[in-house]
Amino acid sequence: MTRTTILSLPTEEYVHPGNRACTGCGLGIAYRIGTKALGPDTIVIVPPSCLTVLQGLFPVASTKLPSLNTTFACTAAAATGVLEALKAQGREHTKVVAWAGDGGTADIGIQSLSGAAERGDDFLFMCYDNEGYMNTGVQRSGTTPQGAITANTPFKGKLQQKKDVAAIMIAHGIDYVATASAAYPLDLYDKIRKAITLKGVKYIHIHTPCPPGWGYEARYTVKIGELAVETGYWDLYEVELGEFRLTGASAKALKKGTRKPVNEYLQAQSRFRIMSPEQAADVQARVDAKWSTYSGGEGC
Amino acid sequence: MHVIETGNVAAALGVRLAGAQVVAAYPITPQTPLTEKLSELIEAGEMDARYVPVESEHSALAVCIAASSAGARAFTATSANGLLYMHEQVHWAAGARLPIVMCVANRAVGAPWNIWNDHQDSISQRDTGWIQIYSCDHQQIIDDTLKAFRVAEATSIPVMVCYDGYLLSHTYMPFAVPEQEKVAEFLPPFQPAYALDPSSPANLNTVTLPEVRLDVHGELAHGYMEIRYLLQEDLRNAVQVVEETDAAYQEVFGRGGVPLVEPYRCDDAEYIVVGLGSLTYQLRDVVETLRAEGHRIGVLGVRLYRPVPDAAIAAALQGAHGVFVMEKALSYGYEGALCSDLKSALYDHLPDKSEAPFVKGLIAGIGGREIRTADLADALRSGLAGSIPDPNWIAIQL
Ligand SMILES: Cc1ncc(C[n+]2csc(CCOP(=O)(O)OP(=O)(O)O)c2C)c(N)n1
Ligand code: SF4
Ligand SMILES: [Mg+2]
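Chains C and F, in that order, are what the protein sequence lines are.
-12 is the number of the first residue of the first sequence in the working numbering; add one for each residue after it.
3 is the number of the first residue of the second sequence in the working numbering; add one for each residue after it.
For reference, chain C alone in the conformation it holds in the complex (with noise of 0.2 Å):
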């Protein structure tokens, strides 16, 4: 398929600049560029995250598109019902995409969000993944990483592994699962225009760098999801029709067959920072496990 490039994106903006989003928001690029991807004729649901003040408080709306605010817990179900009525007005050509935070996809919402699944409710499920509850504070979530201070997991840092939602949804049989990072919005973008294609549930988990929440400058945004990927930390693929593929640059970085080490990735955020040596090769050892599983891909 034609990629994209930065001078083949859309110019029409859905976002307008000066939203409430903090200054080197992920989300706010990453929101940004899929919107340009879904086009003037989509509704949006959004549930209670970052994404609920970046769009602005009432009677200030900061994007164009038209978007249901919903419960917490509800979003995907709540997708369900846009597009049950769409289509029984004969709406059906307007499309319908979820936009939550991880803890309103893997935590709280993902009741929902499987039993849409499992049903096939033809709409995209964009998560923006801040990797904790930005929203409240920057608590803990299921998907915040082993070792990341959170204002609940003051001293030790979060214990367990992130849960890969991702994977659960792959597990769900969809026609369409992937992953991508706000540092890669061409990538993000193209995968945004083949998910609509598809039928059912599609599923996009985008890693999506907080410099509050993680703790770095706001400039290091784009560097920080770089270097995610570029250490193989955070990976790039999709899953469509059941077949795996790593994209752009984790497909670059499978083809060289070298990778950063993860420690430039944990060492440029403070978030980690009682992370020991130890854990740290830990970190490392899994994500060189993971790797070898890999083979093939796009190629570049």
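FYI, nobody ran anything at the bench for these hints, they're computed from the structure.
It is possible that some hints are incorrect.
With a Cα cut of at most 16 Å, we get these calculated EDC-like pairs of lysine to aspartate or glutamate [what the hints assert, rightly or not]:
id, chain 1, residue 1, chain 2, residue 2
1, C, K51, F, D199
2, C, K74, F, D236
3, C, K149, C, D94
4, C, K74, F, D350
Derived list of chain F stretches under chain C, where covered just means 3 residues or more per stretch with a C-beta under 8 Å from a C-beta of chain C [to be verified]:
id, stretch
5, 50 to 57
6, 70 to 77
7, 204 to 214
Don't be surprised by glycine CBs; every beta carbon is placed ideally from N, CA and C.
Given chain C's structure and the hints, the job is docking chain F with the ligands onto it.
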């Protein structure tokens, strides 16, 4: 056309007549047969709607909230813990001003588990901002369900139609089915105030501040408090809408006349028993028995419980010497919720407080405990003699 069917089927037929476009539900006894019936009608092509078999009640109401926000007529039904599991969404639907209709086949709530009838489930939702109607028989169930859609759409407030689990939901009774041809005259197609639409985008239910705020055109927009005030004001005005809807229904279908309260032999009554749902029909027998013994007693069914038709209640009770409120639920830590509401209505509306009737609360049928007509009569006999039973839970055995 008359049919002999269950209360659940009566509700389902009402939903079909109303032309609900999106139905979402999750099984729970004793509601289940209602939404099973709808799935059957929809799959058989006898009803043009979308049926969504969701994975929880929280999602059932989420689907309805979203479908209604996108301009479709939406329906769900539940009971007991299903309704409690929805609670967050029950508030949300009212706050978002969506004309959703939900049937509640009333059932006791856990713990401990109990699948039988009482009213604790819907009574515990009374402060959510929904309109609550209690149907007393199968005819009222089908008529109220159809009327509920018109009331909801006229007020932009969701409506709960409550009827007794098992006693009504599972029993077979004859009732008249309104003619589909006449429905359009009573209930025109849904015209939402706003529906999600990319050609006129809006950001619905977003964070709304404590204070009023200028919009981008420099006009003052409501704060949270104004939005909530309007819900309260519109709910209060909904008493009249419920009455008007009933009058319109009577004109088209020839049935109705008791939208707020339903009195039975109250005209000359010295004593009045007040309650909700099918219990008030059972009490008619008791009233006949006690009248034969020389007591001037009547029964008043409260049909509209939220908003409280306080003026109608007070007017119906004015002149009575004593009132017994017989309830299948209570506000734990105090008394039956209807009993408190009724005292409040009397206090507000009776000009001369010294002429106010005494009000005594009685609790019956909790968790489906059999309500024997003889026990009701005995409890009221002692009440008429000046002392209600202690404890005031009828047929309790400690
Ligand atoms: C039922 C419920 N529980 C808790 C909350 C409080 N709450 C609002 S946003 C949020 C965290 C959101 O985390 P996530 O989904 O990861 O989005 P982020 O804020 O990180 O963007 C929480 C816990 C809520 N609104 N509703
Ligand atoms: S806390 Fe993080 S995710 Fe939320 S707005 Fe700020 S940078 Fe973005
Ligand atoms: Mg988060």
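Hint-by-hint comparison with the structure:
| no. | hint | verdict |
| --- | --- | --- |
| 1 | C:K51 to F:D199 | holds (11 Å) |
| 2 | C:K74 to F:D236 | violated (31 Å) |
| 3 | C:K149 to C:D94 | holds (12 Å) |
| 4 | C:K74 to F:D350 | violated (49 Å) |
| 5 | 50 to 57 | holds (count 6) |
| 6 | 70 to 77 | holds (count 6) |
| 7 | 204 to 214 | holds (count 8) |
Consistency with the previously given hints fails for numbers 2 and 4, ordered from lowest to highest.
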